[in-house]
Amino acid sequence: MIQALETTQLGKRYGKDWALRDCSLQLPIGRVAGLVGPNGAGKTTLLHLAVGLLEPSAGRVLVFGEAPHSVLPRVGFVAQDRPLYRAFRVMDMLMLGQKLNPTWDMELAKERLAHLNIPLNRPTGKLSGGQQAQVALVMALAKRPELLILDEPIANLDPLARYEFQQTLMDAVAQDGLTVLFSSHLIADLDRVCDYLIILSASQVQLAGDIEPLLSTHKRLIGPRDREASLARTHTILQARSSERQSNLLVRTHGAVLDPSWEVQEASLEDIILAYLALPAGDSFSARYQQIQEVAR
Amino acid sequence: MESEKQAIEFYLDNRSGVSPYLQLVQQVKQALRLGFLKKGDQLPTMRMVVSRLAINPNTVFKAYRELEHDGLIESRPGQGTFVIRTLADASLASHDELRRSLLDWLREAEAAGLDEESVRALIASTLQQFQKREQIA
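Order-wise, the sequence lines are chains A and B.
The first sequence begins at 1 in this note's numbering and counts up one residue at a time.
The second sequence begins at 1001 in this note's numbering and counts up one residue at a time.
One should not assume that every hint holds.
For the chain A half of the interface with chain B, some residues (derived, Cβ under 7 Å), not all of them [claimed, not checked]:
#1 Tyr14
#2 Asp17
#3 Ala19
#4 Glu111
#5 Val173
#6 Asp176
#7 Arg192
#8 Val193
#9 Glu212
#10 Leu215
#11 Ala267
#12 Ser268
Where chain B lies over chain A, by a calculated footprint (3+ residues, C-beta under 8 Å) [as the list claims (entries may be wrong)]:
#13 51-60
#14 223-230
Keep in mind that the hints were calculated from the coordinates and are not lab data.
In this text, a Cβ means the ideal position worked out from N, Cα and C, and glycines have one as well.
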């Protein structure tokens, strides 16, 4: 099956340092994927490889089954820091977009900006950060892409602007069914927007897969510490914070927790991501997640 | 149409750890159980829910599909999604009585010196034990 994005042992090296290494992942068509990881993990490098701004040092990257540069008309990309010509009026940006993109949908662009109350005659440099982000997003959407790639689109936005940005994005997904891949180091409300998660850490993919099974198979357990060992026989403890008598665990469950001495709470996606990021990197990690996916199926 | 009052207004608790899709499902079931949603009521369109909550459309789709699968709602092409069954029928009548005995119990708990948090903790852990017994049985 053709994937929106597929990388195989993809790597990018600068001198002797690998910015991205052994990156193998698949992003199915129609998903909204969050690419998360600490700063410097290789997120931007991966995105730039996917849109053909960088050439791989190793491995390969395919977008809709083809080399990135040959599918560029089908891909929308918003680089970090909302790239707009600050002296251009919003309308000038739209005209530029129209000249550069054969598939440009001017009506869609104007309609969305009107809906957002963003004046077309104002220089983009005079817009608020949130409005600039929206203009950059609308520019990418007006190209009518099948895959939209965004690099840290909501970084440096206040919570309301972030929410409005996500509204525009989700609206577009609902309307056009496009595939989205966006990087973010904010992991607080990812599960509202994303249904797919890619975790990069230390230049490597730690995890790539659906979010739903992650949430349903991970629980927070609170109970007596002396029951920890017997619990570990059935379930996998990812993170343990224990006092002398009480344990607070983040657990990947295999079936129901039957021992009534444990209080079972839901774990937030944020908790789960942080727990996995704290695990030692490498194959064991991906293997563990693969098991989760299999269990979920 | 847009400004019309919806039969149900969804919300999301980002901190709950419950997946957004499950939250939507639970909110509909809760409203059906308590009689806030009735047979024939129209649910907001998926587009509307997506716009209001800035939520992934697949999530809304999945929630509606599950409710449809449970026989609670039905989507009619070109018209929208409607409630076709309620969960309140049998149990709603006994709510008053149960509420009264629960209030008696709460008064007892208060007299015994339990504060709200202790009450919640006791209820949660008892409910959990109760559910587990059912599972084992």
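Results for each hint:
no., hint, result
1, Tyr14, "violated, 35 Å"
2, Asp17, "violated, 36 Å"
3, Ala19, "violated, 30 Å"
4, Glu111, "violated, 14 Å"
5, Val173, "holds, 5 Å"
6, Asp176, "violated, 10 Å"
7, Arg192, "holds, 5 Å"
8, Val193, "holds, 6 Å"
9, Glu212, "holds, 6 Å"
10, Leu215, "holds, 4 Å"
11, Ala267, "holds, 5 Å"
12, Ser268, "holds, 4 Å"
13, 51-60, "violated (count 0)"
14, 223-230, "violated (count 0)"
Of the numbered hints stated above, those contradicted by the structure are hints 1, 2, 3, 4, 6, 13, 14, listed in ascending order.
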